Amino acid sequence: MSQGMKEMPFNQSIIGFPRLPADFREMAKKLMSACFKKGHQVPVMNNSKNSSYGQMMASPISIFPELLSSLTQSVLSQPKPKINETAGEQDSVWNIAEKMQNCTNLGHMIDLMRNSSEGPRCFMQAFIAPLSWMAIVQNGTDLSKEDLTKLLWTSKPFLETMPQSSFVLPAFSQSSHLAETMKVFGEVFSVLSEEKRNTVIGWIKERVTLNEFKCHLKAPAFSTQPSGSLEKPIIQNGPSVRAEMTGMNAGAQGTQHAMMNASTAVHICPSKMQWLNSTVLTMMGPFLSRLSLEEAKAIPKEELCGFFRTSDFPPSFQNANGIQPALGRTLFQRLKQECSSTDNFTQNLDRLGSLACFFDGAQSLNLNFSRKLLSQIEACNNPEIDKMKRQLVQNILNDGSSSSPELLLSLGSAVSALPLSRLSRFTSEDLNNTLTSLSQASWSPAQAKTLAKKLLEAAKNVSGEKLLSLGTVVRGVASSVLKNVKAEGLLGNPSLNNMSDKMSSLQKTALLEAFRRDVNASVLVKGLPDSLLSSVPLSMLEKADLSSVDQLQGRGWTRAQSAFLLKKILGNKISLSELRKLGQAVQGVTCEMIEKINRTDALEMAQTLNNSCAWLSRVQIRCTAQKLFASLEEQRPGYFNDVKNSELQAIPAVLLIHLPVEKIQNLSDAVCPAFMEKMNQVNLSFLPNSSPARSALTKRAIGCLKKNASDLSAAEVLTLGPLLCELDPVWISSLNPAALNSTLQALASCQCIQQQHREHLFRLLTTTFGDPTLWSEEDMRGLGPLLLLNDTAIEKLPPKSWIKSYLSDLMNSLPTQPAVPPPKEFRSWFDLSAFRRKLFDLKTSSTLQNRRRREVVPSLTEPTLIYIEDLKQGNIYWSPAQFSKMTVQAFKDGVPTLGEITNYSTEQLAALRLKTVEAWGSVSMWNESQIADLGCICQGFSAEELSNLSIASLDTLETMTTCNFTQTQRTSVWQVFERVAAINVSRLGQLEMVGLGQFICGLQPGQVDQLNSLSFRESVEAVGRAPCPLNIRERLKEKAVAVFGKSQTWTEAQVSAMGNIIAGLSGAELGSLNSSVLSFIQPSAIPLISSDRLAALSVSQLKALGPDNAAAVTEAQRSGLKVDQNAALDEAVGLKTTRSEVSTGNATSISSPGSGSGSGGSATLPLKGGAAVESMAGCVLLMQAIALLLFGYIL
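Residue numbering for the sequence shown follows this note's numbering, starting at 13 and increasing by one per position.
Any given hint could be a false lead.
[As the list claims (entries may be wrong)] Simulated restraints, written as ranges between beta carbons of each label pair: (1) LYS399 with GLN349: 14 to 24 Å; (2) LEU421 with SER507: 22 to 32 Å; (3) ALA1128 with LYS399: 37 to 47 Å.
[Claimed, not checked] Here are the computed lysine to aspartate or glutamate pairs in the DMTMM-like style, where the Cα-Cα straight-line distance is at most 25 Å: (4) LYS348 with ASP372; (5) LYS812 with ASP882; (6) LYS1058 with ASP1104; (7) LYS384 with ASP355; (8) LYS675 with GLU607; (9) LYS50 with GLU172; (10) LYS348 with GLU790; (11) LYS195 with GLU315; (12) LYS313 with ASP372; (13) LYS1115 with GLU837; (14) LYS897 with ASP882; (15) LYS50 with GLU130; (16) LYS808 with ASP821; (17) LYS579 with GLU604.
In case anyone wonders, no lab produced these hints; they're calculated from the structure.
It should be emphasised that the depicted structure is a prediction, and the values quoted were computed from it without experimental measurement.
Just so you know, even glycine gets a beta-carbon here, dropped at the ideal spot from N, CA and C.
Could you build all of it, start to finish, from the sequences and the hints given here?
What follows is the structure, given as structure tokens:
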């Protein structure tokens, strides 16, 4: 609750009760539950009070005791938080409850609430907050400023948690009302989603243009508008550009309908209207950090500069995290160039807020300004920020006036920009005195190890308090130290989650080993934070006292853990009530459990699972869809032939896309409104790339538009949502120019473009927008990702600074790519190799342009520390000759970064090997710190050379376990560790097996048999991730049989945990596996199975593999299968067509009326192929792009 509430100058007023939407109870109850979690006691209402309230059904007051009663029941099973109220405060609840009966209007209720004590006020405001916002939406124009202020303050808890589906904004245009509303939105800005922030920006623009310029922004017209619904301008539910009316926005119907009626003659605002004057800029506050680039460029100079000089400017950009780099740079450069001289601008550094992240010219700043700027760039979304921090730190170091303690204090969290050689000079005392700032910095593993060693060098036993105080430095604490800490002071401490989240797998295992000595399994599992829970072995869960699904809620279980716990607690059957309580443990729900759900409960089951969609696998989605569709057909034969809008609306979108193709094709036009809304919600990554359903869904959606392609507006095409990415370029080319341009811009956000469409799409792109080398910056930012369709187009981009900035921004915005590429059927189309190479060239080359060939000619720049730290993984593109030119000092300082790269070529490794010997001498002379820093550079040394290493630490081995060592190299490293650490194979414990990683493959086959069975059981998940050769996998399988029993008895959890060990099973053993466990095999194990052994699986077993595992079967493996087995695999993947049809693209062709089968024109540039990578965030990125594009047509 807001402080100073009782001092607010509210005058008593009459504010009527608004009309309530159907989901009001759910809204209010959610907020009231938050009061309980804060420690406020839920008052229990007696029957007499409920009865008296029940007579007042015309007022929402009657709902209050009802919600209190239901809330009391729902929290009885929850742990009771600390109660904050005194007995007197609890008594006041009864008085307020009695007084509420006499409230005749909303204003009276608010006055009653604000004069109550904290606990009762929390529950009352939770109840009144949604009512207050509804009153504003329905009657905002008629409210006085004082009443509006009162309602806005009261509604804040609702604004902070309002779902996007209910995010409706008022229709008033009074300047005073807009200012007050934006002030409150500014206060909740930090908790609003990006979608809501964009909605607010669109709303304020609509209101300002209507009020100041007496014009309306354009609205799209849709042929799919359902009867009885109302288009809502600006206010959008995600990608959907319309929403059905609810009670919440009914009051605004008349005003908005008149504004947006396509048949009403209205004055439309010009597209380049300058609506952002200094008054509106002040009103926008932190929302300025989410303006579009075009809006920022269009702000009149005098208005921007006037605003910059006011006291309202700094708060608008204070902690405005997440500002897009292009927008930040544009605003910064405009302020610098247009609003002040260079000297004056530097003096105003402290006014910039988050715009300081985009400061240029850091090298010219003096000591004082360098320190001032450092203090403002703690959290930045700028690809160049690390480079800027290093420059500022260097400025401070060059001054030389600061002593070590003063230097550490002055740098704050930017201390991580210090080179490793400088960090190692600080004394333990200096570091401990500045631990507060050190513990908050972002450290590389090598830096953290150096600091941790110094900070703990005098400590014999590290306490939990000391460990927590290390913060981010904990990443460098040795596992040998962690395994000896005490659970006291750590287990149950809220800070343990943040601390352990920064730990490696080995560190987490060491900490768990320490805890297990002090507490039993039940206490330990119940007290662990999620960051450690995932490291708990199944053997420990078996000992834990977990016997109810209520104990699984809110915990971060892994898939294997989830499968184990559900089998232990529920067996093979689950009820709907149990399903609702699973949370992340839903990963363990099997297809067998789904199939056993009563058919009459299938729809509710599907909707419940949809609420946990983020945790569901493709096979779970597939099984749920099949169960639901079969149940619906059983209840009403031919269900989808005459399905109603409401019935289709009830089916989750993620399931609807699995509807059989023939049923998709036969959906009637009557359900187009619901179908189109569902298609705007879909994530097509759940379907294989070659799925015929993709084409069927796209064709049906186009049919719902009910127009020829050439007659469609830009906004109408964008209603296709994610299906835009499935469109055939032939169809796209038949669009009118406006629709064509907007569609291509939307396609730039697709993460999956079908292979057969790529060449034609690139031709269409260049035909429409011209040669990419001549594109403007605006075109590049709108269309740039589509250049990933063509490697040559990227290679030919001119060497301009803005192109380097754009490519850096684009790289920074792309989703993190998986370390192991998924199967082709579930890969996206992005091939980043040429893109990364171009970015490397732009960052490192002295770019010269040959006038005849217009090629960028890179110079032989050598790798300096500045380049190495800036490039990170991009260091893979240095040539062997360039590595050879690198100075020894640059190598020593940059080796921790260079050592993280896993895929050097043989020639690069040879050059790095020579540089390593030049810097540190022969292998036998290296210490463990040097070996750890070298990391994957060690791949360049022969097995014989590696046998001269000296490794006794598991932490050192862990730094090398992600590298691509050969089997002979692994054997050498294992033998080194065995010799130096003086450890016997039979004495390897869980910690050692986890720490060995891939080097456990280096054991001799006979040594595998000697592994301790208990330790193997506890570490099987780590062992199963190792990429061992067949002979070792077979011995590991024998050990697994000895520990877990014969393969036919293995459970889903065990199969999931065993990972690659499964590939050691013989054909007979594979054939003996229960079909229910096959989808739980790790996809990484599938390609390792020899084709003759895979052929031992029956047709039914192959179908049971599930989409991911079936797609992981290689062509070489398929060649050893029979026709019916290959057909079974296709069915498991989700392909009903023949593979030849898929490869030629016949299944996904969408022809435009009157168009030919080919695309006109020829490619300006040759199309190159490449390996794609997966991105599950593609749908999200596309819908964000569509939402922004729609603003261009609505606004």
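Hints versus structure:
For the pair LYS399 and GLN349, the supplied restraint of 14 to 24 Å holds, since their beta-carbon distance comes to about 22 Å. At about 23 Å, the CB distance of LEU421 to SER507 agrees with the hint of 22 to 32 Å. Between ALA1128 and LYS399 the Cβ separation comes to about 45 Å, which falls inside the hinted range of 37 to 47 Å. The straight-line distance between the Cα atoms of LYS348 and ASP372 is roughly 10 Å, inside the 25 Å bound, and the hint therefore holds.
For the proposed pair LYS812 and ASP882, the alpha carbon gap of about 18 Å is at most 25 Å, so the pair holds. Note on LYS1058 and ASP1104: the hinted pairing holds, with a Cα-Cα distance of about 21 Å set against a maximum of 25 Å. With a C-alpha separation of about 15 Å, the suggested pairing of LYS384 with ASP355 holds against the 25 Å cut-off. Annotation: proposed proximity of LYS675 to GLU607 holds, straight-line Cα distance about 22 Å (limit 25 Å).
The suggested pairing of LYS50 with GLU172 holds, with an alpha-carbon distance near 16 Å, which does not exceed 25 Å. For a cut-off of 25 Å, the pair hint linking LYS348 to GLU790 stands: about 21 Å separates their Cα positions. Distance check on the hinted pair: LYS195 and GLU315 sit about 20 Å apart at the alpha-carbon level, within 25 Å; holds. Restraint check: the Cα-Cα separation between LYS313 and ASP372 comes to about 21 Å, which is no more than 25 Å; the hinted pair holds.
Straight-line distance between C-alpha atoms of LYS1115 and GLU837 comes to about 16 Å, which keeps the hinted pair within the 25 Å bound. As the CA atoms of LYS897 and ASP882 are separated by approximately 18 Å, the hinted pair is consistent with the 25 Å bound. Using a Cα cut-off of 25 Å, the hinted pair LYS50 and GLU130 holds, with the two alpha carbons roughly 11 Å apart. Simply put, LYS808 and ASP821 have alpha-carbon atoms about 19 Å apart, close enough for the 25 Å limit, and the pair holds.
Using a Cα cut-off of 25 Å, the hinted pair LYS579 and GLU604 holds, with the two alpha carbons roughly 11 Å apart.
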